[in-house]
Amino acid sequence: MSERQERHTIAVLVDNEPGVLARVIGLFSGRGYNIESLTVAAVDATGQLSRITVVTTGTPMVIEQIKAQLDRLVPVHRVVDLTAEGPHVEREMALIKVTGRGEARIESLRIADIFRARAVDSTTESFVFELTGSIEKIDAFIALMQPLGLTDICRTGVVAIARGPAAM
Amino acid sequence: MSESQQHDAERPMSGAEIIVRALIEQGVEVVFGYPGGAVLPIYDALFQQNSIRHILVRQEAGAVHAAEGYARSTGRPGVVLVTSGPGATNAVTGLTDALMDSIPIVCLTGQVATHMIGNDAFQEADTVGITRPCTKHNWLVKSTDDLARVVHEAFYVATHGRPGPVVIDLPKDVCINKGRYQAAGGVAHPSYRPRTKGDPARVAEAVELLAGAKRAIFYAGGGVINSGPQAAELLTELVRATGFPITNTLMGLGAYPASDPQFLGMLGMHGTYEANLAMHNCDVMVAVGARFDDRVTGRLDAFSPNSRKIHIDIDPSSINKNVPVAVPIVGDAGSVLQDMLTLWRQRGSQGDRAALAAWWQQIDGWRNRNCLAYRQDGKVIKPQHAIKRLYELTRARDAYFTTEVGQHQMWAAQYLKFERPNRWMTSGGLGTMGYGLPAAIGVQIAHPEALVVDVAGEASFLMNMQELATARQYRLPVKVFIVNNQWMGMVRQWQELLHGSRYSESYMDSLPDFVKLAESFGAVGLRADSVDQLDAVIAEMIATPNLVIADIRVEQRENCFPMIPSGRAHYEMILGDGASADTPDVTDAGLALV
Ligand SMILES: Cc1ncc(C[n+]2csc(CCOP(=O)(O)OP(=O)(O)O)c2C)c(N)n1
Ligand SMILES: [Mg+2]
Numbered sequence: 001m002s003e004r005q006e007r008h009t010i011a012v013l014v015d016n017e018p019g020v021l022a023r024v025i026g027l028f029s030g031r032g033y034n035i036e037s038l039t040v041a042a043v044d045a046t047g048q049l050s051r052i053t054v055v056t057t058g059t060p061m062v063i064e065q066i067k068a069q070l071d072r073l074v075p076v077h078r079v080v081d082l083t084a085e086g087p088h089v090e091r092e093m094a095l096i097k098v099t100g101r102g103e104a105r106i107e108s109l110r111i112a113d114i115f116r117a118r119a120v121d122s123t124t125e126s127f128v129f130e131l132t133g134s135i136e137k138i139d140a141f142i143a144l145m146q147p148l149g150l151t152d153i154c155r156t157g158v159v160a161i162a163r164g165p166a167a168m
Numbered sequence: 001m002s003e004s005q006q007h008d009a010e011r012p013m014s015g016a017e018i019i020v021r022a023l024i025e026q027g028v029e030v031v032f033g034y035p036g037g038a039v040l041p042i043y044d045a046l047f048q049q050n051s052i053r054h055i056l057v058r059q060e061a062g063a064v065h066a067a068e069g070y071a072r073s074t075g076r077p078g079v080v081l082v083t084s085g086p087g088a089t090n091a092v093t094g095l096t097d098a099l100m101d102s103i104p105i106v107c108l109t110g111q112v113a114t115h116m117i118g119n120d121a122f123q124e125a126d127t128v129g130i131t132r133p134c135t136k137h138n139w140l141v142k143s144t145d146d147l148a149r150v151v152h153e154a155f156y157v158a159t160h161g162r163p164g165p166v167v168i169d170l171p172k173d174v175c176i177n178k179g180r181y182q183a184a185g186g187v188a189h190p191s192y193r194p195r196t197k198g199d200p201a202r203v204a205e206a207v208e209l210l211a212g213a214k215r216a217i218f219y220a221g222g223g224v225i226n227s228g229p230q231a232a233e234l235l236t237e238l239v240r241a242t243g244f245p246i247t248n249t250l251m252g253l254g255a256y257p258a259s260d261p262q263f264l265g266m267l268g269m270h271g272t273y274e275a276n277l278a279m280h281n282c283d284v285m286v287a288v289g290a291r292f293d294d295r296v297t298g299r300l301d302a303f304s305p306n307s308r309k310i311h312i313d314i315d316p317s318s319i320n321k322n323v324p325v326a327v328p329i330v331g332d333a334g335s336v337l338q339d340m341l342t343l344w345r346q347r348g349s350q351g352d353r354a355a356l357a358a359w360w361q362q363i364d365g366w367r368n369r370n371c372l373a374y375r376q377d378g379k380v381i382k383p384q385h386a387i388k389r390l391y392e393l394t395r396a397r398d399a400y401f402t403t404e405v406g407q408h409q410m411w412a413a414q415y416l417k418f419e420r421p422n423r424w425m426t427s428g429g430l431g432t433m434g435y436g437l438p439a440a441i442g443v444q445i446a447h448p449e450a451l452v453v454d455v456a457g458e459a460s461f462l463m464n465m466q467e468l469a470t471a472r473q474y475r476l477p478v479k480v481f482i483v484n485n486q487w488m489g490m491v492r493q494w495q496e497l498l499h500g501s502r503y504s505e506s507y508m509d510s511l512p513d514f515v516k517l518a519e520s521f522g523a524v525g526l527r528a529d530s531v532d533q534l535d536a537v538i539a540e541m542i543a544t545p546n547l548v549i550a551d552i553r554v555e556q557r558e559n560c561f562p563m564i565p566s567g568r569a570h571y572e573m574i575l576g577d578g579a580s581a582d583t584p585d586v587t588d589a590g591l592a593l594v
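Line by line, the protein sequences are chains Y and V. Numbered per our numbering, the first sequence spans residues 1 to 168. Numbered per our numbering, the second sequence spans residues 1 to 594.
Just so you know, these hints were derived from the structure itself, not from any lab. It is possible that part of the hints are untrue.
[Claimed, not checked] Some chain V residues near chain Y, calculated using beta-carbon distances under 7 Å: (1) Arg-132; (2) His-137; (3) Pro-316; (4) Ser-317.
Glycine included, each C-beta is placed from N, C-alpha and C at the ideal position.
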């Protein structure tokens with residue numbers, strides 16, 4: 001049995017009904033699986049279906065279990081392992097508050113520019129930056145903001161979709 | 001539907017009437033339940049009809065276990081009705097039990113009125129929250145118009161795919177308000193469509209693997225029973241056609257006729273020597289409706305290390321969960337076995353006959369250890385002997401057996417022999433003490449003429465003995481066969497073997513006089529104190545047309561063997577002292593004592 005840990009992004013299409021998120025989260029906590037990130041929102045016009053994107057880590061056997069366990073939940077329509085299925089796009093959005101004056105403040109604006117982060121709120125002593133990108137890009141941005149007066153981080157968690165014309 | 005019924009369908013009905021009507025349409029004949037404020041509207045609707053019989057239990061856990069016994073002995077879903085709050089929480093153990101053992105149960109729970117939910121109202125509990133992890137699915141119904149659809153969906157979910165318990169939580173106002181009925185025909189589940197037909201390519205691969213095997217074994221579990229009696233027949237045909245041995249899990253007993261020479265008995269922690277060693281030494285394993293539970297596999301990294309495994313299961317999440325398999329086949333056991341049998345016959349293969357003979361020779365060597373032998377010397381009844389005699393004196397009667405949990409359960413699994421499925425009801429996955437008596441009640445309700453015996457331990461029996469009153473109320477001639485060792489025997493055994501004989505809180509002090517107890521419930525009480533009384537007591541128990549408690553006083557310190565201490569490998573079995581000495585062709589390097 002391999003102990004190799006893998007990180008997988010899994011998309012789950014579910015009935016948009018009360019308790020469905022609790023079922024998914026309960027599955028992960030009850031069976032001791034990791035959740036690195038989880039996002040959910042209704043995705044069809046009538047609001048009957050929601051799409052959950054969950055990023056998890058585990059051995060290949062555990063990843064297979066997670067998918068099989070998700071698939072067996074009654075309100076789950078489809079489970080797609082985006083990491084296993086091929087190329088896909090992953091994005092996360094973050095709102096990041098940096099406070100301070102003087103050189104640090106100017107430096108934060110310079111870095112934000114390099115990262116194509118937008119200042120969506122500013123006062124004389126603070127910025128709120130909006131940044132979209134991969135997890136790694138956001139991690140890097142946060143690391144750079146740390147010494148420049150970073151006070152608040154809010155991240156959406158990952159959303160992901162397969163590349164190419166095929167739909168889920 | 002008749003015209004008057006059709007007309008009826010359009011007439012607005014109360015929620016409670018809709019529920020009862022939906023149950024009737026689902027073919028429900030019996031509901032096990034206990035009333036309370038939140039479900040009074042449903043009890044009122046039950047009172048005004050004659051199609052469904054309600055069985056009043058004495059505690060809600062008893063209702064679920066009774067429904068489990070009913071379900072497991074008939075193949076039909078068991079139905080439960082309990083009130084909100086404590087009614088629902090009392091049902092939780094039974095629901096968890098049914099989930100672990102894949103028993104189809106539809107449990108209706110009362111709930112406070114919708115506008116009071118979340119206010120800590122009297123007898124409010126977050127039932128869907130509490131039961132989410134112990135049900136296959138659950139629903140809180142918020143509108144009377146949804147009731148019929150949800151009930152039909154609930155039966156569909158409970159009985160399709162891997163069966164399991166479901167809960168429908170029913171706020172009181174939803175049951176009182178008027179709404180419209182919806183017939184079952186119009187209800188198809190939008191997302192839940194389990195696969196039942198195995199992938200033909202995989203089936204072919206499995207048959208090829210089996211045909212090339214030199215030392216194959218079938219390992220069949222409760223999934224075969226759940227699939228229906230036909231699956232057990234197909235399994236029997238396939239096993240006989242191949243000539244390979246078969247072992248059953250605790251839940252699978254009865255899936256293959258125990259009297260057949262190819263049957264090696266149960267495997268696992270208290271399984272037979274030959275079954276466990278055959279599993280350990282096989283080159284191809286065919287797991288059918290079994291889930292590689294830790295009580296079966298023992299230490300995982302030493303489990304059947306040299307075999308290629310075929311796993312047939314309706315639940316994809318059971319496959320590759322504990323043990324990686326070479327050929328996974330997702331599908332219904334009956335359907336896949338049928339396909340395998342057809343292919344096996346088409347192939348006209350006899351397999352490797354010489355290898356098969358050698359394999360059987362090896363197995364017979366293990367069998368000759370006679371691992372279930374015990375010494376009945378002296379007057380004190382050996383518990384194994386009590387159960388063996390129970391079997392021998394009931395074997396002609398197509399009896400149904402339930403058990404409680406402990407040593408007596410394992411001895412029952414070892415010494416009762418089942419020729420058919422659906423005759424054996426035991427709490428396997430959860431190991432719930434107190435399961436046996438209510439389960440026996442459920443069985444007896446479904447099979448009023450049959451001999452139904454609860455093989456009990458005295459400690460377990462005390463956990464749900466209030467159900468004696470239920471049995472008495474409905475004149476159910478259930479037989480409670482108490483293997484009374486005055487200890488929580490299984491706990492005592494582990495303490496002896498693994499905790500230096502420090503018997504911490506495992507002695508059952510202050511036991512009731514079971515004969516008087518029986519009499520106080522209007523039952524017949526019998527007692528056997530010594531081995532010369534045993535047969536007469538069993539015979540009298542069988543002959544008595546009433547509820548009976550037979551208090552069988554047995555050896556207090558007997559241990560249940562064979563035993564694989566938990567966390568050990570299959571070859572590390574401890575045998576009882578009745579078993580024969582080592583035979584030359586057995587390598588028991590690992591026959592370690594703890
Ligand atoms: C509800 C519950 N509590 C505790 C246990 C742990 N347990 C397993 S076997 C056992 C002892 C059972 O004693 P008894 O019913 O007398 O059976 P025996 O082992 O003596 O045959 C206990 C306490 C359990 N299985 N179920
Ligand atoms: Mg006991």
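| query | Holds or violated: is there a CB of chain Y closer than 7 Å to the CB of Ser-317 (chain V)? | reply | Nearest chain Y Cβ about 4 Å off; hint holds.
| Interface restraint verdict for His-137 (chain V) against chain Y (beta-carbon cut-off 7 Å) | At about 4 Å, which falls below the 7 Å cut-off, the nearest Cβ of chain Y leaves the hint on His-137 (chain V) intact, so it holds.
| message | Min Cβ distance, Arg-132 (chain V) to chain Y: is it shorter than 7 Å? | response | At about 6 Å, which falls below the 7 Å cut-off, the nearest Cβ of chain Y leaves the hint on Arg-132 (chain V) intact, so it holds.
| query | Does the interface hint hold: is Pro-316 (chain V) within less than 7 Å of chain Y, judged Cβ to Cβ? | reply | With a minimum Cβ separation of about 5 Å from chain Y (threshold 7 Å), the hint on Pro-316 (chain V) holds.
In summary, this structure violates none of the numbered hints.
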